[in-house]
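Mind docking chain B with the ligands on chain A? Use the hints.
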Amino acid sequence: MSSAVLELRDVSKSYAGSPPIEVLKEIDLKISEGELVAIVGPSGSGKSTLLNMMGALDRPTSGEVLIDGTVVNGLRDPSLSGVRGRRLGFVFQQFHLLPGLSATENVATGLLYHGTRGRARKAAAREALERVGLGHRLDQKPGKLSGGERQRVAIARALLGDPAIVLADEPTGNLDSQTTAEIVELFLELNEQGSTIVMITHDQDLTRSMPRVVEILDGEILDGAAAEPDTDEDDAL
Amino acid sequence: MMDRSKLRARDVVSTSVVGLRSRRGRTALTALGIAIGIASMVAVVGISSSSKAALIAQLDSLGTNLLRVEASSTGISIEPLPIEAEPMIRRVENVDAAAAVISTEFEVRRNDRDTNVVGINAMAASPELFETLRVDTTAGRPLDDGLRALPVVVLGDVAAIRLGITDLEGGPVIDVGGQDFVVVGILDELPLNPDISRKVLIGDQAAIELLGVEPNPTAIYVRVDPDLINETRPLLAPTAHPGRPAKVDVSRPSDLLEARAEVDQNLQNLLLALGGVALLVGGVGIANVMVISVLERRGEIGLRRALGATRGHIRSQFVLEAALLSGLGGVLGILLGSGITIGYARRQGWVVDLPPLALASGLGAALVIGMLAGFYPAAKAARLDPALAVSGGSN
Ligand SMILES: Nc1ncnc2c1ncn2[C@@H]1O[C@H](COP(=O)(O)OP(=O)(O)O)[C@@H](O)[C@H]1O
Ligand SMILES: [Mg+2]
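If you read the protein sequences in the order shown, they are chains A and B.
Going left to right, the first sequence walks through residues 1170 to 1406 as my numbering numbers them.
Going left to right, the second sequence walks through residues 317 to 711 as my numbering numbers them.
Same shape as in the complex, but just chain A (with noise of 0.2 Å):
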């Protein structure tokens, strides 16, 4: 129990209008430190909005989100933003790298507001760089990178400063299926290394070598076992 990096208890998420959009329904969600988890459903079931709960980027209309054992629904913008910076490593479909700066500098913005020091911010993202198979592309602007490699750079920019969990949406769905086995393959390794690692993705062939899924339809989690990390007992139905 207590090694939950990440818990959802009983989340809810409507958004304004005439009737109120209920996008996600009381999701109950446990994700344990040094697992790698597919989350997975089809387009507009609120994979979306499940991540940028668990992401702290949103409030739910209900229910709580505790991030490393603090519950971080009341925190006021400040901490919020620490929480995310400290705690969390994004990775999003869209990459969001800065064109102007190069893969080294990209990937040392993961440090900017921890108030690393520059030098210490390049080296770690050297290191990092290395680390996902980046080593020959340190100074390349994203603009000379292909799409496999640009979101290599938002990995290793993900991976800076030791996050709890790193949360990935989608992060192959502007990739060929060639590179999407090698993102794939990138984050296996990477969760083997110790890395605790949700990705969210629409595609079902993706889930197949993953350790845990969970299927998620109209705001709600399909199979309740999945809810729970596959520990033994109680919760298999």
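Simulated from the structure, these hints should not be mistaken for lab results.
The structure displayed is predicted, hence computed values, not measured ones.
Each hint should be verified, as a subset may be incorrect.
To be verified - Cut-off 30 Å, straight-line C-alpha distance, at most; resulting in silico cross-link-like pairs (DSS-like, lysine-lysine):
#, chain 1, residue 1, chain 2, residue 2
1, A, 1291, B, 563
2, A, 1310, B, 322
3, A, 1313, A, 1291
4, B, 696, A, 1310
Frame of chain A, contents of chain B with the ligands only:
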């Protein structure tokens, strides 16, 4: 209890610099708006202060210690000064030189057959006038004691041009009151005494004896000790006309030049205001571009929020970006404005005077305008919902 986000001061700056560096074309064009405003203001201040410096230098060389004593012109007919006014004034303490002139009604002509007059009158002068006014000749020589009673004439520079006499080649002669007067000299410019520039000067004795001019002076020019002007000036009227000092005016010709500098001040203020308007327009341009920039950079803003940036970090990034953008324009404008001032002053033959305070306040104004222009877009950026921003979704 929580680890707060932290952004080092130098990283605040470098983050904003990166934002500008990544959009060079836009940065340059936006900064140009501010540059034009600042350049025009710097040029206005620079040119007017160089012009003032030149005027002061001119006044220094002409001397501000020349006074003019004349019969007061308040009555219907002007009562000329007593004949002994000139020698009396010369005897006053601290008076270095004094010279009387007598205005006449005689209009001069090129020769006695010429029916055209050119609006130039003859004036009688005592030979000390040239030393008192410190005026040189560009051709020939001034009047002296030897020429005082002879039918000779020295032309003021404007009068010479009107008469079409530019040199003494062939011994030019002009007609004054039906008599021939030989031109012996042409005066240099007289910035302090433009009235004398428009006269032809004949010796006082010649005027009295040959033309029958009344010997009473109409004005007396007085050179006094520069350090004792204020003490000496009140003594001149009672000395010139002991019985009726109220009938005498004492003026300082250099005051007129100084007054002209003051008139320029109004024009300068108007031009400054125009430069200020240009600056404001530049500021609005910055605000505009920053708003667009914020819309375009939602993804970047969302990413930074995901990386731990607080609303405050985002706000300061964009305010600083706007301020740097404007500051860049300010520096550019100062260079441009200084260049214009230097070029203009050189062409006018002035020394360049660029007040450092004006340059500093130009840069300061640019930074302040930029910051003000940045507040609204920065607030917009800071208010963006991180979840929406990272998704790249609209609004
Ligand atoms: N900010 C929002 N306002 C209103 N509706 C939203 C908002 N964000 C998402 N939705 C709606 O919530 C549903 C789930 O969206 P999303 O979580 O993005 O799904 P997914 O990522 O699984 O494709 C969609 O119907 C979408 O239209
Ligand atoms: Mg989605």
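These are the hints, each one checked on the structure:
1. Our distance criterion of 30 Å between C-alpha atoms is broken by residue 1291 (chain A) and residue 563 (chain B), whose separation comes to about 89 Å.
2. This hinted pair checks out: residue 1310 (chain A) and residue 322 (chain B) have alpha carbons roughly 26 Å apart, not beyond 30 Å.
3. Restraint check for residue 1313 (chain A) and residue 1291 (chain A): satisfied, since their Cα atoms lie roughly 20 Å apart, inside the 30 Å limit.
4. A threshold of 30 Å between alpha carbons decides the hint, and for residue 696 (chain B) with residue 1310 (chain A) the separation of about 29 Å falls inside it, so the pair holds.
Violation of the numbered hints given earlier is confined to hint 1; every other hint is satisfied by the structure.
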